[in-house]
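Which chain is which? The protein sequence lines are A and B, in order. Using the working numbering, the letters of the first sequence map in sequence onto residues -16 to 196. Using the working numbering, the letters of the second sequence map in sequence onto residues -16 to 196.
Simulated from the structure, these hints should not be mistaken for lab results. Hints should not be assumed to be uniformly reliable.
Identical chains share a label here; the pair holds if one copy fits it or two copies do between them.
In the SDA-like style, the derived pairs of lysine to any residue whose C-alpha atoms are separated by at most 20 Å in a straight line are [to be verified]:
id, residue 1, residue 2
1, K140, L(-4)
2, K86, G102
3, K140, P158
4, K140, L127
5, K140, F48
6, K86, A183
7, K140, I(-7)
8, K140, A2
9, K140, D106
10, K140, D128
11, K86, R(-6)
12, K86, Q130
13, K140, Q130
14, K86, M(-16)
15, K140, P50
16, K140, E(-9)
Predicted model only: the values in this text are computed from it and were never measured.
The chain contents come next:
Protein chains: 2
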Amino acid sequence: MMSTFSLEQIRALDRRYRANLINSLAGFKQPVLVGTQSTQGQSNLAIFNSLLHIGADPALFGLLFRPHSVRRDTLENILETGCYTLNYPTVAMLHQAHQTSAKYPHDRSEFDAAGLTAGYRNDWPAPFVEEAPVQIALSLAERLDIQSNNTILIIGKIEAIHFDDALLLPDGFVPLEQADILACVGLDAYYQPRHITRLAYARPDEPPASPDH
Amino acid sequence: MMSTFSLEQIRALDRRYRANLINSLAGFKQPVLVGTQSTQGQSNLAIFNSLLHIGADPALFGLLFRPHSVRRDTLENILETGCYTLNYPTVAMLHQAHQTSAKYPHDRSEFDAAGLTAGYRNDWPAPFVEEAPVQIALSLAERLDIQSNNTILIIGKIEAIHFDDALLLPDGFVPLEQADILACVGLDAYYQPRHITRLAYARPDEPPASPDH
C-alpha cells in the first residue's frame, strides 16, 4: 500500500530515523575511498558516497562535503594541497572500506588502521589505494558553497586514471561489476550490482533495443 | 594489468569513447524519472542519473543539468514552476524508463510515448509516475551554476514522499532492492543490485560488524 510522509511528518521524525530514510531514498551510489595527504605529509583515507559526474570534456567529478564546522581532514587536505584520489572498493574490501569512516586521531592514517596500502604514482602528491581496481587522480577545480544547508561541493578535474585494462570495453565503457566493485545505499548498506543490459540511444517511435557492443 | 590514461590521453580520445569512459567511471548511480509540467500544462518525463543527496534536515536532493544552451524542458519547467517529482524505475520499467531519454517534440508527453501513467497527488503541480514504487515531490530551493563547464546544479527540497510502506524498515531505512529498483552506470547500462550487508557505525579499533536491525 502507498504510504505518505509529508514535509511536516519528515520534520517531526527522530533525527537518525530521518537520516536513514532520506539517505536511503537518495538511492544506489558509488562508494569511493578518497585519498589525501596533509601539507605535513600525513596520509588520510575516507569513504564517501557523494560522487557526482559533472562532465566528460573536460573530465570533471564532484564530491559533496558536510559543513566545514568541525575538523574535516579530507576537505582541508584538498583545499590546502589541491590534490586527491578516488579509489573504488571491491566486495573483498568492504569491511576495510567502511572502517575508514571511523573518527581516528588526526595523526593516525586510515590506511594503516583499515589495513589498506597507500601507493604513490607519477609524483602525484596524494596516495592511491593499491588494492582498488580503479584509481583516479583529481585536482581541485572549483568550490561551490550550497546556501541551503552549508554543504560544500568540490569539483575536481581528472588528471589521470589507473585501472585494470582487462576492464575496458572497445567503446570506452568500463564494466565495474567485472571487478566486483561495490555499490552502496545511505551510510551503511552495501550492494553488489548485477548487470542487466545496455540499451541503444533512445529515439522517438523506435522501440528500445540492446546495442551491439 | 594496470593501465593508465593521462590527462593528455583523455583529451585526445574520441568524443563518444571519452563520454563512455568518464561516465562509466563515475560508477553506480540511481536513475530517476523526473516529472514536470510546463506553465501551459504540458507534462514532461525524463530519466536522469545525476541524483545527489545534499542533506537530511532539511531534506534536500540535488540534480545536475547540462548547459542551458539548447531547449531543456525539464530544467525550464523546474525553473518556471518551482515543482518537480522524482520517480524510481524498477527492473520491469527498464525499457520505458530509458525511452524517456528520446528527443520527443515539445508538445508530446513522454508519459504517453513511453507508456507510463501520469498521476497527480495532493494538488502537487507536477506529475508522478504511478508505476514507480517510490515517488517524491520536490520544490526548487537553490540553483548553482558550475563555472568549470556551465552545468547547473538544482537543489530541491523534499515536500512529500509517497512509497510502498512494505518497504520501510523499523529504523527508517528503505531497502530499494526489495522493490526491484534499478541502478545504472553511465547513459545506457542498467543493473539490479543485490544486498550484501549493512554495517554498524565504524569506531576506531573496533572491527566492523553488522548492526542488529
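Hint-by-hint comparison with the structure:
In this assembly of identical chains, the alpha carbons of K140 and L(-4) lie at most 20 Å apart only when taken from different copies (16 Å versus 39 Å within one copy). In the homo-oligomer, the alpha carbons of K86 and G102 never lie at most 20 Å apart, since the shortest distance is 22 Å inside one protomer and 45 Å across protomers. In the homo-oligomer, the alpha carbons of K140 and P158 never lie at most 20 Å apart, since the shortest distance is 22 Å inside one protomer and 34 Å across protomers. Taking the shortest Cα distances, K140 and L127 sit within 20 Å of each other both inside one copy (14 Å) and across copies (18 Å).
Taking identical chains as interchangeable, the C-alpha atoms of K140 and F48 lie at most 20 Å apart whether they share a chain (17 Å) or sit on different chains (18 Å). Proximity of K86 and A183 under a CA criterion of 20 Å is satisfied inter-copy only: 14 Å between copies versus 45 Å inside one chain copy. In this assembly of identical chains, the alpha carbons of K140 and I(-7) lie at most 20 Å apart only when taken from different copies (11 Å versus 36 Å within one copy). In this assembly of identical chains, K140 and A2 lie within 20 Å of each other by CA distance solely across copies; the values are 15 Å between and 30 Å within a copy.
In this assembly of identical chains, K140 and D106 lie within 20 Å of each other by CA distance solely inside one copy; the values are 17 Å within and 43 Å between copies. For the identical chains of this complex, K140 and D128 are neighbours both inside a copy (18 Å) and across copies (17 Å), given an alpha-carbon limit of 20 Å. Taking the shortest Cα distances, K86 and R(-6) never come within 20 Å of each other, neither inside one copy (28 Å) nor across copies (38 Å). Within a single copy, K86 and Q130 get their C-alpha atoms no closer than 27 Å, and across copies no closer than 34 Å, so neither meets the 20 Å cut-off.
In the homo-oligomer, the alpha carbons of K140 and Q130 lie at most 20 Å apart only across protomers (13 Å), although the nearest pairing inside one protomer, at 23 Å, exceeds that limit. Proximity of K86 and M(-16) under a CA criterion of 20 Å is satisfied in neither setting, with 40 Å inside one chain copy and 34 Å between copies. In the homo-oligomer, the alpha carbons of K140 and P50 lie at most 20 Å apart only across protomers (18 Å), although the nearest pairing inside one protomer, at 22 Å, exceeds that limit. In this assembly of identical chains, K140 and E(-9) lie within 20 Å of each other by CA distance solely across copies; the values are 13 Å between and 40 Å within a copy.
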